[in-house]
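Engineer: Here the protein sequences come in this chain order: A and B. Using my numbering, read the first sequence as starting at 1 and increasing by one per residue. Using my numbering, read the second sequence as starting at 1 and increasing by one per residue.
Keep in mind that the hints were calculated from the coordinates and are not lab data. Please note that a few of the clues may not be correct.
Since the list can't tell identical chains apart, any single copy or any two copies may satisfy a pair.
What the hints assert, rightly or not - Once the Cα atoms are required to be at most 25 Å apart in a straight line, the calculated DSS-like pairs of lysine-lysine come out as: (1) K310 <-> K189; (2) K189 <-> K24; (3) K166 <-> K282; (4) K267 <-> K166; (5) K102 <-> K208; (6) K166 <-> K125; (7) K126 <-> K29; (8) K27 <-> K282; (9) K166 <-> K310.
Number of protein chains: 2
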Amino acid sequence: MKIIGVDLGGTFTKIGLVDSNTGKIIKKKEIETMVELGGDAVVKRISEGINELVGSETYEAVGIGSPGSIDIENGIVRFSPNFPDWIDFPLGPKLSNLLNKKVYVENDANSFALGEKWFGAGKGKKHIIVLTLGTGVGGGIISHDILITGANGIGAELGHVIINPKGRLCGCGNYGCLEAYASATAIIKMAYEGRKKFPDSIIFKNDKVTAKAVFDAAKSNDRLGLIIRDEVVEALAVAIASFIHTFNPEVVIIGGGISKAGEFLFKPLKSRVNELVMPSFKNSFEIIQSPLVENASILGAASIVLQRRKTT
Amino acid sequence: MKIIGVDLGGTFTKIGLVDSNTGKIIKKKEIETMVELGGDAVVKRISEGINELVGSETYEAVGIGSPGSIDIENGIVRFSPNFPDWIDFPLGPKLSNLLNKKVYVENDANSFALGEKWFGAGKGKKHIIVLTLGTGVGGGIISHDILITGANGIGAELGHVIINPKGRLCGCGNYGCLEAYASATAIIKMAYEGRKKFPDSIIFKNDKVTAKAVFDAAKSNDRLGLIIRDEVVEALAVAIASFIHTFNPEVVIIGGGISKAGEFLFKPLKSRVNELVMPSFKNSFEIIQSPLVENASILGAASIVLQRRKTT
Chain A
1 MKIIGVDLGG TFTKIGLVDS NTGKIIKKKE IETMVELGGD AVVKRISEGI
51 NELVGSETYE AVGIGSPGSI DIENGIVRFS PNFPDWIDFP LGPKLSNLLN
101 KKVYVENDAN SFALGEKWFG AGKGKKHIIV LTLGTGVGGG IISHDILITG
151 ANGIGAELGH VIINPKGRLC GCGNYGCLEA YASATAIIKM AYEGRKKFPD
201 SIIFKNDKVT AKAVFDAAKS NDRLGLIIRD EVVEALAVAI ASFIHTFNPE
251 VVIIGGGISK AGEFLFKPLK SRVNELVMPS FKNSFEIIQS PLVENASILG
301 AASIVLQRRK TT
Chain B
1 MKIIGVDLGG TFTKIGLVDS NTGKIIKKKE IETMVELGGD AVVKRISEGI
51 NELVGSETYE AVGIGSPGSI DIENGIVRFS PNFPDWIDFP LGPKLSNLLN
101 KKVYVENDAN SFALGEKWFG AGKGKKHIIV LTLGTGVGGG IISHDILITG
151 ANGIGAELGH VIINPKGRLC GCGNYGCLEA YASATAIIKM AYEGRKKFPD
201 SIIFKNDKVT AKAVFDAAKS NDRLGLIIRD EVVEALAVAI ASFIHTFNPE
251 VVIIGGGISK AGEFLFKPLK SRVNELVMPS FKNSFEIIQS PLVENASILG
301 AASIVLQRRK TT
């Protein structure tokens with residue numbers, strides 16, 4: 001079966017034609033979202049983008065991963081920080097009308113979780129936690145083979161689990177959220193905070209302070225880089241140990257830009273999580289770097305279609 | 001329909017005959033568990049206890065809430081801190097043989113969650129978090145109408161979610177678990193720790209330092225009592241805010257001995273949780289003191305039967 005996966009972003013939107021049997025992206029393209037043109041124009045641009053991409057091929061249905069709070073039954077974006085004008089915007093029905101195909105909408109972090117379940121490191125598994133470490137920290141939970149989104153579909157905000165109530169200030173206003181430690185935003189902030197004490201850190205030899213620059217510095221044994229790496233690892237380990245005690249998952253999958261630090265992040269993280277979990281949980285889980293890389297968002301969006309078909 | 005609910009405890013075992021339509025306990029009794037006699041003798045004592053209680057009445061099936069890790073499909077107690085000799089003990093099948101009735105076994109914290117869903121503050125709801133604040137802190141999660149127990153059935157250890165990694169030492173060996181703050185064990189420990197600074201606290205006027213004595217002291221404006229109450233409230237609030245961000249539940253139900261402190265605990269707790277949750281979660285949940293009181297464990301055990309029938 002061929003499916004369209006759409007990763008709707010605040011600036012760019014990725015569209016891919018996916019073979020659901022192989023998990024391969026047959027072809028893909030990226031368009032500018034152009035939020036400023038308004039919701040209807042965005043939907044029209046997506047529909048044109050899909051038609052151009054597909055050409056003479058056929059496809060079954062469309063899955064869209066969108067930031068924000070989604071009414072998944074009706075395909076409505078209730079609100080989204082990336083699309084401030086979209087209040088109860090019927091994204092799914094509008095696109096479905098233009099394309100004359102079924103369109104399924106899901107929150108983008110949840111769709112990432114589904115992508116891992118259908119095509120990634122969670123294949124064949126029923127208990128999966130995913131974390132995306134990017135500008136913020138996103139979460140997705142699959143437990144007993146169902147996507148855990150809660151009563152209003154706004155759960156799985158794993159970036160806003162509080163790991164240290166007297167800790168760092170988070171963008172959400174609370175102190176000590178996971179996102180206040182393990183997001184690119186937090187890492188860059190920690191670097192600037194460390195500048196007074198470590199003015200010669202190689203982090204600041206770069207044009208721009210980025211999370212990647214911090215991890216690269218740490219890899220070269222830069223003191224500030226290592227301090228920050230250790231703080232990120234500790235925060236993630238505490239949160240993941242709690243998720244393991246809560247969900248008893250088979251796998252914890254970590255994606256997003258920061259996960260590209262690879263073993264330099266994952267090795268100490270695995271070791272610390274193993275220290276923190278209670279004896280009965282030892283060896284009950286794996287911690288894996290997302291294998292889907294830059295295709296994660298398109299595959300995740302496509303997998304929304306597969307998941308919904310399974311449950312309806 | 002009439003069901004037997006059995007609350008298997010390390011010292012005493014409660015047995016009740018429950019009318020599943022009204023949620024009323026028709027009659028109940030308590031027997032000594034007598035673990036020291038061995039598993040088979042315990043099962044025989046339970047079966048005799050049930051037969052004596054039931055007399056000439058009829059009943060459909062038996063639900064047992066047991067401490068420890070349970071293989072729910074096969075009714076096997078894999079291991080339990082309360083019954084150290086029971087390794088993979090087939091509690092369900094053995095009792096079923098003696099009674100010639102269906103017997104369903106579930107972990108006691110999970111059965112408490114089911115009891116709230118079928119007979120208590122979670123009636124008609126599909127997204128429920130329960131916490132039992134007793135000697136330890138137990139947890140139960142119902143999300144999307146299913147009991148969340150994880151891949152090996154050992155999840156929902158909400159007492160061992162880490163709320164402060166540099167905080168108080170927990171019995172499990174970690175620092176800063178919820179149980180290290182919100183259990184009777186922790187509260188009594190905090191009282192003794194405070195004795196040097198507050199030797200005249202009325203907590204120590206009692207024969208015995210108990211969690212109840214601490215809350216009673218706090219109610220009389222005793223300084224140490226209030227300090228401890230505030231620490232318990234803060235820990236619970238941080239954990240509950242994280243559970244709300246994770247599960248987006250309709251209701252958080254708190255039971256166990258410590259919950260009997262009532263509004264003196266619940267009022268500041270509700271207010272602090274409301275401060276901590278993100279705007280989109282405001283007014284999405286209630287925090288409720290368990291209404292089932294001392295019948296919670298028998299009703300919980302009986303509700304295992306109802307839940308399993310629903311899903312099979």
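Engineer: Using 25 Å as the alpha-carbon threshold, which applies to K126 and K29: within, between, both, or neither?
Structural biologist: Result: close neither inside a copy nor across copies, 31 Å intra and 40 Å inter.
Engineer: Quick one: K166 to K282, C-alpha cut-off 25 Å, is that within a copy, between copies, both, or neither?
Structural biologist: For K166 and K282, only the inter-copy Cα distance (22 Å) is at most 25 Å; the intra-copy one is 29 Å.
Engineer: First find the shortest C-alpha distance between K166 and K125 inside one copy, then the shortest across copies, and answer within, between, both or neither for a cut-off of 25 Å.
Structural biologist: neither (36 Å within a copy, 34 Å between copies)
Engineer: State whether the alpha carbon distance between K166 and K310 is at most 25 Å within one copy, between copies, both, or neither.
Structural biologist: neither (43 Å within a copy, 44 Å between copies)
Engineer: If the cut is 25 Å between Cα atoms, do K27 and K282 qualify within a copy, between copies, both or neither?
Structural biologist: Classified as neither; 42 Å inside a copy, 43 Å across copies.
Engineer: Give the relationship of K189 and K24 under a CA distance limit of 25 Å: within one copy only, between copies only, both, or neither.
Structural biologist: This pair counts as neither: shortest intra-copy Cα distance 38 Å, inter-copy 58 Å.
Engineer: Treating 25 Å as the Cα threshold, decide for K310 and K189: within, between, both or neither.
Structural biologist: neither (43 Å within a copy, 51 Å between copies)
Engineer: Are the CA atoms of K267 and K166 at most 25 Å apart within a copy, between copies, both, or neither?
Structural biologist: between (27 Å within a copy, 22 Å between copies)
Engineer: Is it within a copy, between copies, both, or neither that the alpha carbon of K102 lies no farther than 25 Å from that of K208?
Structural biologist: neither (44 Å within a copy, 67 Å between copies)
This entry does not satisfy hints 1, 2, 5, 6, 7, 8, 9, going by the numbered hints stated previously.
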